[in-house]
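Visitor: Quick note, the sequences are listed as chains A and V, same order. Count along the first sequence from 1, then add 120; that gives the number in my numbering. Count along the second sequence from 1, then add 2; that gives the number in my numbering.
Since the hints were derived computationally from the structure, they do not count as laboratory data. Predicted, not measured: the structure shown is a model, and the values here were computed from it. Some hints could be false.
Said to hold, decoys possible - Calculated lysine-lysine pairs in the DSS-like style (CA-CA distance at most 27 Å, straight line):
#1 V:103 - V:766
#2 A:689 - V:766
#3 A:415 - V:379
#4 V:103 - A:195
#5 A:354 - A:415
#6 A:150 - A:238
#7 A:478 - A:355
#8 A:522 - V:434
#9 V:491 - V:264
#10 V:444 - V:379
#11 V:437 - A:522
#12 A:415 - V:444
#13 V:704 - A:554
So the chains spell out like this:
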Amino acid sequence: MSRLEAKKPSLCKSEPLTSERVRATLCVLKGILTSSYGPSGRLKQVHSGFGGCVCTTSQSSALLSNLPVTHPILKILTTSMQNHVSCFRDCGLFTAILCCNLIENVQRTGLTPTTVTKLNQHLLSLCTSYLKSESCGCRILVDFSSPQTLLCLVRSIVTSKPACMLTREERDHLSALILRAFLLTIPENTKDRLILGNSIIVPLKGQRVLDSSVLPGILIEMSEIQLMKILPIKKSEAFKVALFCASLSGDFSDTGEGTMVVTYGVSLENAVLEQLLSLGRQLVSDHVDLVVCQKVIHPSLKQFLSMHRVIAIDRVGVALMEPLSKVTGTQPIGSIGSISPSSYGSVKDLCPAKFGFKHFLHLIPYEATICSLLLCNRNDTAWDELKLTCQTALHVLQLTIKEPCVLLGGGCTETHLAAYIRHKTCNEPESILKDDGCTQTELQLSTEAFCSALESVAGSLEHDGGEVLTDMKYGHFWSAHAEAPSIVNWPDLLSRCGCGLYNSQEELHWSFLKSTRHPFVPQTYLPHEATGSADNLTLDCFTAKLSGLQVAVETANLILDLSYVIEDKN
Amino acid sequence: MSRGGPRKPGLRPPGPCRPREEGRLSPGNSFPEALTSQLPPPAPPLPPPGPPPSGGCLLPPALRAMAATGSVEAALQVAEALETIVSRCLGPEGRQVLCTKPTGEVLLSRDGGRLLGALHLEHPAARLVVAYVSSHLRKTGDGAKTFVVFLCHLLRGLHAMTDGEQDSLASKHMQTHRRHWKNCCRWKLISQFLLTFQTHRLDYIVDHYLSRHFGSIFSSSTKERTLCRSSLESLLAAYFGGRVGRNNRDFMSRLTCDYFFKCMARERGSEEVLDLVDDYFVELSVGVTGLPVSDSRITPGLVLPRDFSVYRPADGDIRIVIVTETVQPLFSTSGSEFILRSEAQFQTSRFWIMERTKAIMKHLQSQNVKLLLSSVKQPDSVIYYSGLAGISVVECLSPEEVSLIRRITGLSPLALPHASSQDEICNTVLVKFCKPLTFRSKRYVHLGVISTSSFIPHCVVLCGPVQGLVEQHRDALHGAFKMLRQLLKDLDLNYLIQTSDQNHTSSPLVYNESDPLPEVVNGSIQRPRQDTVLRNKSKPAKTQTYSDLVVPSVELETCIIPCSAPKVTPTGTYQTDETLRCFSPTKTRINGDNEPFIESNSANSTENTRREISYENLQITKIPGKGNLLPVREKTLEICAAQGHCFSTIPAGCVLPVGGNFEILLHYYLLHYAKKCQQSEETMVSMIIANALLGVPKILYKSKKGNCSFPQIYVRTLHALQTHQPMVSSQTGLESVAGKYQLLTSVLQCLTKILTIDLVINIKRQPQEIYDQDSEEEV
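So that you can see chain A by itself, here it is in the shape it has in the complex:
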């Protein structure tokens, strides 16, 4: 019998948040996250002495998955953020920074966790109901008749990832490409349910970013020799495609659990090959032009097919199967017996293509929701970052289709929301206090902690030592350059607010974000013409940000509520 090691008793710590070590590590984590936030965020190089590739990034998904976190509390925090990111792909840093800020601020107030979590929940529900309401002053409904809003949204996302190393021109090009790729995945005529297709990102490293492009259909990569073999492709009206998911290599595995006795002289290989060839004959007689197999095609069958001018492509892998079956409009064939004629698909055209140094066979569909995004960037790390960015942008566009609105970006939503909450709790505290048995002071303290957490998220957008301000009319976020003289004329120094909606030439009053202000009512009801005219707004995904806000507050509440940490040391 194998030896079992005796269980070790667990390690039990009470009030984990009060420990100096936890505070210090939380602080370090917050430092890492805040310094990477936003378009001017600093890059992080994640590097392992054991080798492997170097990762230069400022994105939460790459950062959080690579950070070695040992303390259980930090683990909770990072997994929570990672879960959020894997759900929405956007607003990961926002969520993480807000969560860290909240924990830190609340600890400073010295309120009991019970009160704080209760009040935080109330403040959160104020935020969410405001953001969802008609009167929300930081939300824009998406107008699908013009691409302007969506383009702004994509551009904001691409801009906020400095590790992609893009110039302005490249950013614009790429934003347009991403939007085009997304639009290609929307089916032209739908009945009741909209089922989006997908865009396949095809890597093309070492090329200029401006060489990136979008093509409808699928690109199957193959070597030049392979491509030469199948050339020239005979032209026809439509190309008949047979898509196999079963192996055509002549293997024979499913014999059952019993034994199989083969008489001497009987060759199963020959038998199977004979069957494969008869399948080939059927394919030829059915006038199939293209045979695509997920697994391996037997060389003899391949040769047989090419002799009859049928193009055979094998080993395309399971990832391509679903797009292929969408492009060809058929179901993969899982049998090497007889094939019913209804299981053949078709494509409009087949053509060889060369991008950079890679050769592809391009399958052009009649009408499909699949497109290929050829993504170029100069080196591996930048390409990886760019790929993540593209995936984020595409996903955010999908989310925006589901919930057709966007939030103002550039820190403006955060400061606006903070101003709204301050005003609300100052003027109508009864609604919160009545059912909870908290005092007015407790509410004020906790509101201050909550709002300044939101504001310092916005403040983390500024990395160059400049001043961060908010105006007293809209509650938007403004930042000024660091090299400003001490006494300045604010309207001259500030040009536009964070999201780009307002300019400084209006009659506005500013106040430093860190300073205490008198609560004011930020202007609600965003006028429609204001958003229509501005063509260069910074925007955020509504769904991702809203959920990020909720997740951040819930996670902070969770961590603040911890009374013990029991570590199993086995």
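Add chain V to chain A, keeping to what the hints say.
Guide: The following block gives chain V in isolation, referenced to the frame of chain A:
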């Protein structure tokens, strides 16, 4: 290692657990001191969980005495340490605990049972407590934290009481050994008093005094037993108040309440619904991480956590079948041999296999089957042909999922060899819909199965930012259904009526597993029979094939039937509907209205032909024709005059307001009882229990100030009781009386066990299982 007293290093080989007890359990800064420094060192641990190399070890005699003197003190210290941990998570103001697993998983919990388990305690007393707590949890699903608090207060009371005596007893001349012996005797005596009190007096007090305060979660307006939604909501709110984070309490209780009422087709079917939900909760819940908790919701139908292997959209009549083997015939099955003589034969066989698969699919298509559920992985060709036939396929269903679908719909798996014959397949059922469902870019199968029972299938989708939180909510929800299931059952009480004759009071009816007490008079040893299965059938015919379609669970209830061999006389008092007498060698007919059969397992297995079993307080379960079970329970209060036994029940659905009401009430009545008591031991025991009961409300009101502080509440409640005024409760929640009562008895049993243990023997192997000596091997 200096505080171990007269321990010699050579005599106790340092086991793997010993040095760590100091090192590991010494935790961070403000961990309760007792577990670190005051842990009674000499008590040798119970067998460690993992078996280190063999070789038992004998304790030196000096140590033996040392080992046991501390049994109560040691237990108290352990319990106090546990109490400090647990009390911070107790009640609505309790906080969360983060547990990490060696695998790196992080778990959030306020569940007492999980917390105690996560501590991996080594101290023998602690392990005893944990074992008792977990067995209590298995039964009721609630009350682990209260268990610890209560036990701690009981031990504290006992300790305080005996402290004074001990000094006088322990004169310096007395040998340690003898003193220990004396101690043991005294503890043994006390434990006997406790046990007697628990089995005889406690039920009496609950039944006579406490019951007048009970409320019910059934609405009182109608004659029918219908669940009152608002009561259920406050019951659940109180339950979740102790189980999940404060912010999610109301949300979770509303969700649970919604779920319960949505699943219930009729008002009467609540018990069946609860049984099913409790049994299949894992399959009925889906966890989604990365979303806020408030996104949790209830979806109609079943959600299977996998994608379609092939999906063909279908409308109208969607029929489904279940298969448990591959549809495609194989060359050879297990144990058979396939002899291949020629290549042509091989090709024909493969051709035949393909054709047959195709034929089966065609046949299914002709029967309007649109979905094939398979518990195994199907070959590619099956997927292909079913796609061609317009049949969607879901593969790799777990056995639990299959059995859930079978239980809901009554569908039995398709027998494949007959499937292609031209006759109609009867093993299909209709579903309302069958479509893919996506949560956070993961695909699920959403199945609108139609129920044949009173359970309307719904799934609960639990969202949370981290897996640990989702797990916590899932556990809490499951526990809530366990608690409700327990609540909606009657709980039997039985006790002895106080008579003037002292003999009766000292002949206890021992129901628990502890050794029979020596003072049993009349020589009537009454053994419980736990293995008697009561089967009820609607027809008197002896049909053994019990179709799963009609009644999912055959063994409805296990009755504990005390069979007292020597003196049962056929008296007329037993001839009622509820109490049935039977003379049973094998099978017995019972004269009743519906003439049910009672098959007694014990009667079948033993050859004792002349046995008389008296069924007391029997619950008859009638099965109406359509296969739904509506247990009809009638409360009986029956007094067997000869012995003074009294049988009663806490009826199903009894509740009390939350916030220590049960404890304070019982405290009051115990004090009241203690005053009337004739025996000093009884007075003492009831005083100890009464005082210990206050421990829980003390913790609950710890953070409250002013008018709501514990002394205020206590004085007000007592005043109200004395003047017979209605009690006012500051909190709105409700809690189950049966659960509390069971908790109390479990704690008392645990305490008796602790008190009766005089020596802990440390062995180095896993304890051997003790086999029954009278097993069949001898025959």
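Visitor: Each hint needs a verdict: does it hold in this structure or not?
Guide: Structure-based check of all given hints:
1. Using a Cα cut-off of 27 Å, the hinted pair residue 103 (chain V) and residue 766 (chain V) holds, with the two alpha carbons roughly 26 Å apart.
2. The straight-line distance between the Cα atoms of residue 689 (chain A) and residue 766 (chain V) is roughly 22 Å, inside the 27 Å bound, and the hint therefore holds.
3. Restraint check for residue 415 (chain A) and residue 379 (chain V): the C-alpha separation of about 19 Å stays at or below 27 Å, so the hint holds.
4. In summary, the hint linking residue 103 (chain V) to residue 195 (chain A) is supported, as the alpha carbons are separated by about 12 Å, within the 27 Å threshold.
5. Among the hinted pairs, residue 354 (chain A) with residue 415 (chain A) is consistent with the structure: their alpha-carbon atoms are about 25 Å apart, no more than 27 Å.
6. Between residue 150 (chain A) and residue 238 (chain A) the alpha-carbon distance is near 24 Å, which keeps this suggested pair within the 27 Å criterion.
7. In summary, the hint linking residue 478 (chain A) to residue 355 (chain A) is supported, as the alpha carbons are separated by about 23 Å, within the 27 Å threshold.
8. Proximity of residue 522 (chain A) to residue 434 (chain V) is assessed by CA-CA distance (about 26 Å); at most 27 Å being required, the pair is judged to hold.
9. For the hint pairing residue 491 (chain V) with residue 264 (chain V), the CA-to-CA distance comes to about 21 Å; that is within 27 Å, so the pair holds.
10. For the proposed pair residue 444 (chain V) and residue 379 (chain V), the alpha carbon gap of about 20 Å is at most 27 Å, so the pair holds.
11. As the CA atoms of residue 437 (chain V) and residue 522 (chain A) are separated by approximately 19 Å, the hinted pair is consistent with the 27 Å bound.
12. For the given pair, residue 415 (chain A) sits about 25 Å from residue 444 (chain V) by alpha-carbon distance, which is consistent with the 27 Å threshold.
13. A hinted pair counts as satisfied when its Cα atoms are at most 27 Å apart, and residue 704 (chain V) with residue 554 (chain A) qualifies at roughly 23 Å.
This entry satisfies every hint, going by the numbered hints stated previously.
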